[in-house]
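Visitor: As given, the protein sequences belong to chains E and U, one line each in that order. Note that the numbering used here gives residue 259 to position 259 of the first sequence, counting from 1, and the numbers run on in steps of one. Note that the numbering used here gives residue 39 to position 39 of the second sequence, counting from 1, and the numbers run on in steps of one.
Simulated from the structure, these hints should not be mistaken for lab results. Errors might be hidden in some of the hints.
FRET-style restraints, in silico, Cβ to Cβ [to be verified]:
| id | chain 1 | residue 1 | chain 2 | residue 2 | range |
| --- | --- | --- | --- | --- | --- |
| 1 | U | M77 | E | F82 | 56 to 64 Å |
| 2 | E | R309 | U | E69 | 57 to 65 Å |
| 3 | U | G20 | E | F82 | 34 to 42 Å |
The beta-carbon is built from N, C-alpha and C at its ideal position, and this holds for glycine as well.
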Amino acid sequence: MPYSFTQIEQEKTGTIQLSLAFLLLFYFFSALVLVYFCKAYFYLSTVHVPEGMPLPWPALDWTTVGWTFVGSMLVGAVHWQFSQDALIDKVLQLMSARLADEHVDEERIFRNVVEESAVATGGKYKIEPYILPTAAMNAFALQDFQGRCVIGITEGLLRRLNREQLEAVVGHEAGHIASGDCVETTTTSALFKTFDNICDITLRLVLSSGRVGMVGAAYSDRGSRRGSDGRIVIFFLMLFVLASILRLIGVLGAMFISRQREYRADALSAKLTRNPMALAEALHIINSRWKGAGMPGESMDAIFISNPRHNALEQTSNFLADIFTTHPPAQKRIAILLDMAHASEKDLDAALAKANTRFDTLYAKPAQEATSEAQWMARSTQDGQWQGPFSFEQVKGLGWILPGTAVKRMGEPAVIEARSDRVLGPMLQAAGVTATLAKDHCPRCQVPLKTEVYEGVNVARCQICSGTLVKEPDVLHIVHTRDRVFDERIAQMGQLIRRQVKPMKQNPFDGIYDEKSIVCPSCLETTQRMNRRFVSPQFPIEVDKCRSCARVWFDKDELEVLQYLYELDHPVRT
Amino acid sequence: MMTFWVIIGVVLLLAIMLVGIYNGLVQMRVSVQNAWSQIDVQLKRRHDLIPNLVETAKGYMAHERGTLESVTKARQMAVDATSIKDKLAAENMLTSTLRSLMAVSENYPNLKADQTMMRLQEELTTTENKISFARQFYNDEVNRLNTAVQAFPSNVIAGQFGFKAAEFFQVEVPEERQAPQVKF
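All chains, full assembly: derive it from the sequences and hints.
Guide: Okay, structure coming up:
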């Protein structure tokens with residue numbers, strides 16, 4: 001591990017040359033195959049082969065090989081130029097990123113943090129701060145050969161991190177830039193991404209030429225020219241097959257992007273900020289939520305701090321995964337960082353709860369809590385009534401305070417879950433009070449769900465957190481019913497989701513679930529926990545879906561936001 | 001004749017080595033100067049922030065006149081300092097007075113909630129971070145130069161052409177010097 005940025009600078013890797021060499025070699029061989037088959041095709045169609053004789057394949061002479069070599073090098077050079085030209089602008093435009101606005105508080109802090117990381121590398125790089133207008137949770141870094149650097153973060157992540165976590169995430173991205181692997185990932189991703197475009201274009205050509213061929217065939221029934229149109233179709237079909245193979249190569253492109261570089265960037269971030277814990281927290285936050293599957297630009301997964309798409313192979317650490325994936329398992333990354341901080345997973349949970357107060361300044365002292373003076377109101381899990389105030393000792397003796405119980409400190413307006421309270425949380429943890437499973441009980445508050453009629457269907461609703469359990473077919477019924485009027489708050493949340501400028505490209509249905517996911521209150525299937533995923537690609541609202549009994553758990557407001565969005569998209573004509 | 005060419009060759013080789021080492025030393029010295037100017041920029045920025053900060057804080061913390069005055073005084077000393085050594089001492093002093101000001105301001109919820117103060121505090125935070133990162137980078141560069149100045153064979157050339165070891169930017173705040181308390 002190099003000990004300074006000066007030294008990192010000197011030890012940059014040379015994988016970029018390797019991937020370019022591989023690309024050129026690949027071009028050469030595939031062009032050779034293409035040229036040979038074209039030649040054979042036209043040659044074989046001219047000679048007459050008697051029945052039963054082997055086909056007289058033409059020989060491959062050195063002149064052909066030579067010209068193919070020259071041609072493929074030319075194509076390779078053009079491809080390189082094409083993919084590298086205004087590379088960063090193209091990528092940013094694709095993701096509709098915008099510069100961080102210094103008039104918005106959070107974005108100004110992000111600008112500052114990015115500037116700090118530029119100072120840490122000796123002012124060598126001028127890093128531009130960019131914002132992705134989406135509710136997803138991710139961050140990325142870009143760098144091209146001209147030395148232009150960009151660190152970007154999604155709006156969703158920026159709004160959920162405190163300053164220390166933000167410093168850690170930006171430090172990670174700056175680590176990519178300083179260690180030189182950022183140029184590598186950016187150019188390699190761009191290089192192999194062009195194949196996607198080629199594939200699309202040829203597909204369109206095939207379809208249109210197919211139509212031409214069909215028309216041609218219709219005319220040729222009258223007799224004159226048969227075959228020549230069909231030949232064009234076959235030619236394009238061949239091109240398409242080739243482009244598909246090229247696309248597959250894009251997957252292999254991941255081979256040049258080592259998983260190790262993520263560990264290295266994590267380590268550099270820890271070195272820079274001296275705070276591995278903050279990065280562990282940030283990674284936990286990123287990985288337990290939607291990371292941006294389906295958003296434009298997700299296919300360039302190597303540039304992100306965490307792969308936007310859920311990848312089962314990525315969660316393993318065998319040889320195959322090392323070759324074909326771009327990111328190491330998130331749990332392992334977090335474990336390494338926790339090890340650096342000499343902390344355990346329990347500490348991580350506690351730190352996450354504590355980090356709820358956002359953007360604590362550098363000088364803020366840790367709050368010295370006088371437990372003897374603080375008092376709490378608690379909402380009864382039996383009847384939903386507020387009780388109290390209780391002192392710390394009284395709360396301890398109550399016996400019905402669960403991690404999900406709603407509590408409120410005297411003198412503070414916020415209602416929070418007991419587990420996120422800075423005193424009650426550790427107390428519950430120490431006492432070993434954990435969430436219990438019970439049928440038809442709220443998975444968050446552990447109180448019985450009450451059956452209600454909502455928009456004409458039966459739903460089970462928690463009286464404390466307002467979470468709602470709905471049968472999946474009933475969701476459609478609810479969104480089609482338009483009896484409710486939504487208030488300003490729901491409208492604002494809906495607008496934030498709609499601010500994602502571009503619609504989802506594909507089905508982002510890779511649900512996330514792990515041992516921390518909630519268990520479906522209806523079927524209590526512990527082996528198949530609820531999947532965190534979207535309602536649908538058009539409505540990127542994260543909900544929990546049960547895979548065994550087709551029920552959907554909406555947290556507070558999520559159902560209303562969905563209804564609001566549906567009505568927004570399908571206005572009633574009067 | 002043969003020996004003549006051998007001698008010529010050896011002399012040429014030595015000359016090339018000498019030029020290489022000399023240029024390397026020059027490059028390191030320049031990057032140390034550059035790294036120092038990076039710190040300087042950030043220190044200046046901090047000096048510019050402080051009058052505003054004191055002005056804003058004054059309205060809320062009338063009882064902390066002493067703390068505010070010591071910050072202003074430390075700033076003036078840092079601005080006036082000319083030699084690098086004085087400068088380091090004054091800046092370290094300023095850092096510790098600022099820190100105590102921030103600690104005291106915790107007791108004034110109104111001040112903490114003030115919009116201007118929140119902005120200033122963020123600016124100060126980022127400037128402090130930049131100073132510490134720039135300091136780290138500077139020390140890395142100094143380390144590189146000093147190693148070259150002392151190690152053979154570059155030390156011979158460094159001695160001949162007057163390359164001197166540069167000074168590290170050390171933290172001289174007494175409480176930061178103390179070993180952290182370890183609890184088991």
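Visitor: Please go over all the hints and tell whether each is borne out by the structure.
Guide: The hints, checked one at a time:
M77 (chain U) and F82 (chain E) have their C-beta atoms about 59 Å apart, which keeps the hinted 56 to 64 Å range intact. The given range of 57 to 65 Å is respected by R309 (chain E) and E69 (chain U), whose C-beta atoms sit roughly 58 Å from each other. Take G20 (chain U) and F82 (chain E): their Cβ atoms lie about 40 Å apart, and the range 34 to 42 Å holds.
Hint check: no violations occur; every hint is consistent with the structure.
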